[in-house]
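Enquirer: Below are the chains, spelled out letter by letter.
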Amino acid sequence: MTDSNRLAGLKARPKDTSAATVSKAVEVGEKMGFVDRSPRRKPGRRPGPATAQLHPRIKLEIADAISDEAAERNMTHGQFSELMWNAWKESR
Amino acid sequence: MPVIVVASPKGGVGKSTCAVVMATEFARMGADVTVIDCDPNKSLSRWAGRGLPARVTLVPDVGRSEIVSAIQRSDGDGKIVIIDLEGVASQLVSRAISQSDLVIVPMQPTALDAEIGSEALALIREEEEALGRAIRHAVVLTKTNAAVTSRVQRELETQLQEAGIDVITPSLVNRAAFAELFAHGGDLTSMMKNRALTTAGNIKNAQINAQAFTEAVYDRLQ
Numbered sequence: 001m002t003d004s005n006r007l008a009g010l011k012a013r014p015k016d017t018s019a020a021t022v023s024k025a026v027e028v029g030e031k032m033g034f035v036d037r038s039p040r041r042k043p044g045r046r047p048g049p050a051t052a053q054l055h056p057r058i059k060l061e062i063a064d065a066i067s068d069e070a071a072e073r074n075m076t077h078g079q080f081s082e083l084m085w086n087a088w089k090e091s092r
Numbered sequence: 093m094p095v096i097v098v099a100s101p102k103g104g105v106g107k108s109t110c111a112v113v114m115a116t117e118f119a120r121m122g123a124d125v126t127v128i129d130c131d132p133n134k135s136l137s138r139w140a141g142r143g144l145p146a147r148v149t150l151v152p153d154v155g156r157s158e159i160v161s162a163i164q165r166s167d168g169d170g171k172i173v174i175i176d177l178e179g180v181a182s183q184l185v186s187r188a189i190s191q192s193d194l195v196i197v198p199m200q201p202t203a204l205d206a207e208i209g210s211e212a213l214a215l216i217r218e219e220e221e222a223l224g225r226a227i228r229h230a231v232v233l234t235k236t237n238a239a240v241t242s243r244v245q246r247e248l249e250t251q252l253q254e255a256g257i258d259v260i261t262p263s264l265v266n267r268a269a270f271a272e273l274f275a276h277g278g279d280l281t282s283m284m285k286n287r288a289l290t291t292a293g294n295i296k297n298a299q300i301n302a303q304a305f306t307e308a309v310y311d312r313l314q
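Residue numbers (the numbering used here), protein chains in the order written: chain A, 1 to 92; chain B, 93 to 314.
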């Protein structure tokens, strides 16, 4: 008998995959220290939606002017940059 | 075809080696083999990444919540499913055992391995009772010395046999070729064709060992 003939004799055996059966196995395991060790989510605040940062090198006086204007409008530099970008797009 | 689970809550006992040896030998015998990698160290995925032998399929990164469905999807006539588990006492282990036809517990011939490995044997017995079905299981001694049987090994074999635990013979001998499988991928036959790897004699002896071990596993699947 060839190897493949021998292996053909091995048939799939039905397994009980019901939640009740798996729960029984888990329950028995937990009593013996076989507990859930899947990696936990890192603690702390989830990261917000993806944003990008620009680090343009610009002249000092322009940087100061942008910073002052953003402060006056109670905006972050990023928010002010977006505002300027939209204004420039509209002006084209 | 059968689902074979390789389990021990202790790391470094040779679970992945045992899984790769069985997968490659059963594939060489003509079976379609699916190996499920549940080990966070991804030993099987690393091996597969360097080249999978014909007839072997890998299912990588399977965790606690996916294990039952992964086994269900892979199981079927004409297929052997081999599951390499993580080396810790976890729910993943108890879930996999609940779906197995044969559990193999690799153990190095040391007192520590025997003590920690026995926790897997105890879990199988408890699951048998809870699930109301027999779960065939056997211990295989791993990384044994090819030339000499140590006193500890003899004592361990005697203790296991006295406790009525099935011990697979031959053991898996500590051979460089088994370790090199993970560095080169594929199987021992493909390694033998590459003479630059190790001497053919070493690989040949490893292959004889792998074949005899897999035959002994096959006997337990019928």
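Think of the hints as simulated: they come from the structure by calculation, not from any bench. Just to be clear, a hint being listed does not mean it is correct.
[To be verified] Stretches of chain B that chain A covers, calculated by requiring three or more beta carbons in the stretch to come under 8 Å of a beta carbon on chain A:
hint: 1; segment: 156-168
hint: 2; segment: 185-193
hint: 3; segment: 237-251
hint: 4; segment: 270-278
Cβ atoms here follow ideal geometry from the backbone N, Cα and C, with glycine treated the same way.
Enquirer: Count the residues of the segment 156-168 of chain B whose CB lies closer than 8 Å to any CB of chain A, then report whether that count reaches three.
Expert: holds (count 8)
Enquirer: For the segment 270-278 of chain B, does the count of residues with a C-beta closer than 8 Å to a C-beta of chain A reach 3?
Expert: violated (count 0)
Enquirer: In terms of beta carbon proximity below 8 Å, does the segment 185-193 of chain B have 3 or more residues touching chain A?
Expert: holds (count 7)
Enquirer: Checking C-beta pairs, does the segment 237-251 of chain B have three or more residues closer than 8 Å to chain A?
Expert: violated (count 0)
Hint compliance for this structure: hints 3 and 4 are not met, and every other hint is.
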